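> Chain by chain, the residues run as shown.
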Amino acid sequence: MRLPVEWLKEYVDLPLSDAELANMFTMSGSEVEGIHDGVFEVKVTPNRGDTLSVVGMAIEAAALTRQQPRLPKPTVPEDAQPHQPFITIRIDAPELCARYAARLVADVRIGPSPEWMQRRLIQAGMRPINNVVDITNYVMMELGQPLHAFDYDLLASKTIIVRTAAPGEEITTLDGVQRQLHPEILVIADAERPVAIAGIMGGAETEVTDRTTRILLESAHFSPLCIRRGAKRLGMSTEASFRFERWVDPSGTVLALDRAVELMRELGVASVVPGVEDCYVRRYAPVTITLRPERCNAILGTCFPPSFMAETLSALGLRVSGSAPLEVTVPTRRGDIQSEIDLIEEVARIAGYDRIPFELPHDNLIGRHSDWQLTSDLIRRVLAGAGLNEAVSHTLTDPALVAHLYDGTPVRLRNPNSEEFSVLRPSLLPLLAGAARLSASRGARDIALFEVGRIFVPAPDGLVERFSAAGLITGSLMGGRWNMRPVALQADFYLCKGVVEDLLRSMNVANAAFEPERVHGFHPGRAARIVVGGERAGVMGQLHPEVRDALELPGDTYVFELDPDVLTRHANPRKYHPLPRFPAVQRDIAFVVDAHLPAAEAQRVILDAGAQMVESATVFDAYQGEHLPEGKKSLAFSLVLRSQTGTLTDEAAEAVVDRIRAALATQLGATPR
Amino acid sequence: MLSQLDALRREAEEEVASASSLPALAEVEIRYLGRKGALTQLLRSLGSLPPEERPAAGRSVNDAKEAIQAAVNARRAHLSRKELASRLEQETLDVTLPGRAPRSGTFHPINSTIDRVRQVMVGLGFEFVESPDVELYRYNFEALNYPPDHPAMDEQMSFYVSDGVLLRTQTTSAQGRVMPHRKPPFRIAVVGRCYRYETVDATHNHTFYQVDGFMVDRGVTMAHLKGTMEAINKALFGPDVRTRFRPDYFPFVEPGAETAISCVFCSGKGCRICKDSGWLEQGGSGLIHPNVLRGCGIDPEEWSGYAFGWGIERLPMLLYGIDDIRLFYDNDIRFLQQF
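Chains as they are written, first to last, in the working numbering: chain A, 1 to 673; chain B, 1 to 339.
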C-alpha cells in the first residue's frame with residue numbers, strides 16, 4: 001500500500017523524519033519497503049486489513065508514539081423527521097454479507113475533483129477519474145472502507161438484493177468485460193439483474209456517467225472468504241476485493257458513507273438526501289479477552305509489569321480493565337485479535353521486539369544429522385574425491401528430456417507453469433545428461449558430474465519419493481593436461497565402473513555383481529545392473545549413441561545411478577582383519593578362453609580351485625585379436641597366494657597354481673597361453 | 001728399497017688425485033694395488049731381503065698400500081658425488097609446467113552452505129529429520145493454522161500433483177509430521193527443497209532450499225528464539241554479526257517475527273547490497289501458534305515452542321557474489337568447478 005506521509009500527519013502529530021517514521025513502522029510489523037517523494041510503500045501483512053488505510057496507519061502511529069489520533073468525525077445535516085425510504089435493501093445471504101448500508105445524493109454535478117484530492121490519490125497510486133469516483137476512492141484510502149456508486153435512476157424498482165449469483169447469470173463489469181457468474185459468487189442485484197459483483201467490481205449498466213443526477217452510495221461488510229473465492233474464481237483483484245479479503249471494520253460501514261457525502265456536499269458535487277438505509281443482519285460485537293500478565297511474560301521471556309501491558313494495549317485503542325488478569329475489549333476494527341496469544345503479540349509489537357532479551361534454552365537435547373544426511377555425505381565425499389563435480393538439478397523437468405533415459409511415464413504436475421518444468425524427475429540421469437548438454441553447448445568436452453538427491457518414481461497410488469545417487473562422465477578426468485597418453489583417465493565403461501566400485505568399497509558393500517542388462521537409453525552391449533545381496537542396487541553403462549547424439553554430447557558418455565537405501569541395507573559393519581603373519585607368493589597365469597566368457601566367471605573358478613590359498617586374483621590383462629583364434633580371448637590374472645599356517649614353499653605354491661590351471665581347463669575349456 | 005717405496009707412494013697419490021673419472025681411477029687402482037700392481041710386486045720382492053729386515057719392510061709396504069687405498073676410496077667418493085651431481089643437473093625439469101594429478105571434484109555451493117548450516121545447528125542440539133517434498137495440503141497449510149483460502153497463501157502459490165497433494169512450499173510442513181509422534185521436549189531441524197508457483201528470473205526460482213528449526217519444551221520463550229537465532233548467525237557469519245527481530249505475520253507462529261542480520265558487507269553501515277538499510281532479511285520465525293500445538297496433541301498451556309526458517313540460496317549468493325539464482329540449477333561445469 002502506498003501511504004502519503006503528509007496525509008498521515010493530518011491525523012497524528014509525528015515530529016519524525018521520514019526515515020525515522022519508516023523505521024518505526026517497520027519495527028512494529030508494517031514494513032516500509034521504500035520511500036519515494038514523501039510516499040511510503042508499506043507491506044501490509046495479510047492479517048492486518050485494518051491498516052490498509054491512512055487512518056489505520058495513523059492509529060498505529062499514535063499507539064507507537066502514545067498519542068490520541070484525530071479521527072474523522074463527519075457531520076451530515078439530517079432532518080428531524082424520519083426520512084423518506086429511498087431504497088429497499090434485502091440481504092439473502094447474511095452469512096456472506098453481515099451489513100449493507102446506502103445513502104442517496106442528488107443534484108450531482110460530475111466534474112474533476114479538486115487538485116489536492118487528485119494529488120493525494122495519485123500519491124496513493126490511484127488515477128483521478130471524476131469527483132464522484134475520486135471521493136469514493138479517497139474515502140477508501142482514508143478509512144479503508146471500499147464504497148461503490150450506482151446511478152440511482154438506473155436501479156430497477158429501487159431495490160438492492162444481496163444474493164449469490166444464479167447459475168448462468170452474467171454481468172458486464174466497469175472494465176467492459178462480460179463475466180460469467182457462478183453460484184459461489186456474491187452479487188448486488190436490483191429487482192431484475194446483478195448490478196455489481198459484491199466487493200469486487202461494479203457493473204457497467206448502472207455506472208455513474210455525465211448524465212447521472214442521483215447516486216446511491218454503497219458501503220458494506222462482506223465475508224472475507226467469500227470475496228477471496230469470488231475474486232480468485234474470476235481471476236480479478238481490485239483495491240476493494242484486496243481490502244474485503246483482509247477484513248473491513250463492520251462498525252465503520254456508515255461512517256464511511258457519512259464521510260463520503262460530507263465531502264460531496266463540501267466540494268459542491270451533490271446535495272445530500274437525508275437518511276441512511278442500514279441493513280445490519282449479523283451484528284459484530286467487540287470481544288473481551290482475558291490476558292494473564294504472567295502468561296504474557298512466560299511467552300515473551302520478559303518482565304513487563306501488568307500496568308505496562310495495560311498501557312500498551314490501551315494505546316492501540318483497546319479497552320482494558322482489571323489488572324491480574326486484564327480484561328481486554330477489542331474493537332471490531334481488529335478482526336485479527338481473537339485470543340490471548342494475539343494480545344501478547346500486540347504487547348510485544350508495540351513495546352518493540354528489541355525489548356525481549358537474547359537467551360539460550362537450558363536443556364539436554366542432543367543434536368544429530370539424519371541417517372540420510374550421513375549416507376549422502378559419504379557418497380558425496382567419495383564421488384567428489386573421484387573427480388566428479390556435484391550438481392544440483394531441478395526436481396521439475398522436461399518430459400522430453402526424461403524420455404531419453406526413462407521408459408515410464410513420469411508424474412506430471414496438475415498446474416505446471418511451463419512444459420520445461422512440468423514433470424517430477426523419476427531418475428537423476430536425465431537431469432545430469434541435460435546439464436552435460438548445457439556444458440557441451442558452451443564448449444566443454446570433459447564433463448564429470450554427480451548428484452545425490454530425491455527422485456519421484458510413479459507408483460500405482462501416485463508416487464514414491466526415494467533417494468538416489470548418480471554420476472556422468474564424458475571426455476577425460478585428466479582433460480587439458482599436457483603430454484598425457486590419450487587413454488589416461490579417458491571416460492570408458494571401466495573408468496565409470498571403477499568409480500562405482502570405489503563407492504561400494506567406501507560404503508563397505510561387498511560382493512556386488514555387475515550383470516549385463518538392456519537398459520532404456522543405454523548402449524545394448526555396455527550396460528549392467530548392479531545387484532547386491534540379491535537386490536537391484538542400480539545400473540551403469542554407456543549412453544546409447546543415439547541418445548548421445550540427440551543430447552549433443554561431445555563424446556561417448558558413461559553414467560551410473562544407484563539406490564543408496566539398498567546399498568546401506570547391505571553394507572557390512574566395518575571390522576578389522578588381522579594383518580597376515582606369513583609372506584605371500586605371487587604368481588601370474590595367462591590362459592585363452594571363449595571371448596564371451598565373463599572375466600568374473602574365470603575369477604570365481606580360480607578362487608574356488610585355490611581354496612583358502614588364494615588371497616586375491618586380479619585381472620591385469622585382457623586381450624582379443626591378432627595371434628589368437630577367432631572367438632577367443634586371453635585373460636591374465638595376478639594371483640597372491642598365502643597360507644595362514646606357515647610360509648608357502650615354491651613347490652606348494654606351484655601345486656596350487658596347477659590345481660587352478662586344471663580347474664580352468666576342465667570347467668572353462670581354458671588353454672594355456 | 002724404502003726410498004723406492006716412498007717414490008712409488010708419492011707417484012701413486014699424485015695419479016689418484018689427478019684421475020678425472022671413475023674408470024681412470026679404477027685403472028690407477030689396478031696399476032698400483034692390483035694383483036700385478038706395483039705395490040704387490042714390491043711386497044713379493046720382500047723375500048730377497050735379510051730375514052731381520054723383512055717385518056719392518058713389510059709393515060712399510062702395507063702402510064703405503066693402505067694409504068694409497070684410502071686415497072683411492074676418497075677420490076672415488078668424490079668422483080661419484082660429482083658424477084651424480086652432473087647427472088641430476090641434466091635431469092632438471094621446468095617447474096613452471098602445470099601439474100598432472102587427476103583434479104578432485106567439487107561440492108555444489110548450495111550443498112556446501114547446507115553442510116555449514118547443519119554443522120552449526122547440530123552443534124546447537126538440533127536433530128535433523130527428513131520430510132517429503134511431495135506433501136499433503138494438510139501438512140503444508142492446514143496443520144500450520146492457515147485458514148482455508150487465506151490471503152497468506154498468496155505468497156505460497158503451489159504446484160499440485162493431485163487433489164490435496166502438492167509440492168511443499170515451506171519445510172515448515174515437517175512440524176505436523178513430526179510433532180504428533182514425539183513427546184516434548186524436542187528440537188528438530190529439516191532442510192530441503194521447496195517449490196512455489198513463480199516465474200523464474202535472476203532472483204526468483206520456482207524451486208529453492210529452506211532450512212527450518214523448531215523446538216518444544218516447558219517454558220520456551222521468544223527470548224529463547226532470539227538467543228538461538230543469534231547463536232546460529234554468529235556461528236555462520238562471525239561473532240560481530242547482529243540479529244534483529246521485527247514483527248511479521250505467519251499463520252503458524254505468534255508472536256511472529258522476521259529476522260535480519262546486520263549487513264555482512266558494510267557491518268550495518270549501509271551499502272548497495274543491503275540497499276542502505278544496514279540489514280539483510282533472513283527469514284520468518286516466532287513462537288509456535290497454540291493452534292498448531294493443539295492440532296499435534298500438545299497442550300499449549302503446558303508446552304511452548306519456537307520455530308524459524310530461512311532460504312538457503314541467499315547465503316552463497318551473498319558470500320560468492322552470485323548475481324543470478326538460475327546459475328545454481330544450470331550446473332554449467334565452468335560454474336561448478338569454481339567451488
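None of these hints come from the bench; they were simulated from the model.
Watch out, some of these pointers could steer you wrong.
[Claimed, not checked] For the chain B half of the interface with chain A, some residues (derived, Cβ under 7 Å), not all of them:
id, residue
1, Ala56
2, Gly105
3, Thr207
4, Thr221
[What the hints assert, rightly or not] Quick list of in silico lysine-lysine cross-link-like pairs, BS3-like style, CA-CA up to 27 Å:
id, chain 1, residue 1, chain 2, residue 2
5, A, Lys43, B, Lys269
6, A, Lys632, A, Lys497
7, A, Lys43, B, Lys65
8, B, Lys269, B, Lys234
9, B, Lys65, B, Lys82
10, B, Lys234, B, Lys275
[Stated by the list, open to error] A few chain B residues that don't get close to chain A, going by computed Cβ distances all over 10 Å:
id, residue
11, Leu49
12, Leu97
13, Ile298
Predicted model only: the values in this text are computed from it and were never measured.
Note that the Cβ used here is the ideal one computed from N, Cα and C, for glycine as well.
> Hint by hint, note whether the structure agrees.
A quick look at each hint next to the structure:
1. Ala56: violated, 56 Å
2. Gly105: holds, 4 Å
3. Thr207: With a closest approach of 6 Å, the Thr207(B) hint holds.
4. Thr221: holds, 3 Å
5. Lys43(A) with Lys269(B): holds, 24 Å
6. Lys632(A) with Lys497(A): Distance of about 24 Å is within 27 Å: holds.
7. Lys43(A) with Lys65(B): It is violated: about 106 Å lies between the C-alpha atoms, which goes past 27 Å.
8. Lys269(B) with Lys234(B): holds, 18 Å
9. Lys65(B) with Lys82(B): holds, 25 Å
10. Lys234(B) with Lys275(B): Between Lys234(B) and Lys275(B) the Cα gap is close to 22 Å, so the pair holds against 27 Å.
11. Leu49: holds, 58 Å
12. Leu97: violated, 7 Å
13. Ile298: Holds, because the least Cβ-Cβ distance between Ile298(B) and chain A comes to about 14 Å, which exceeds 10 Å.
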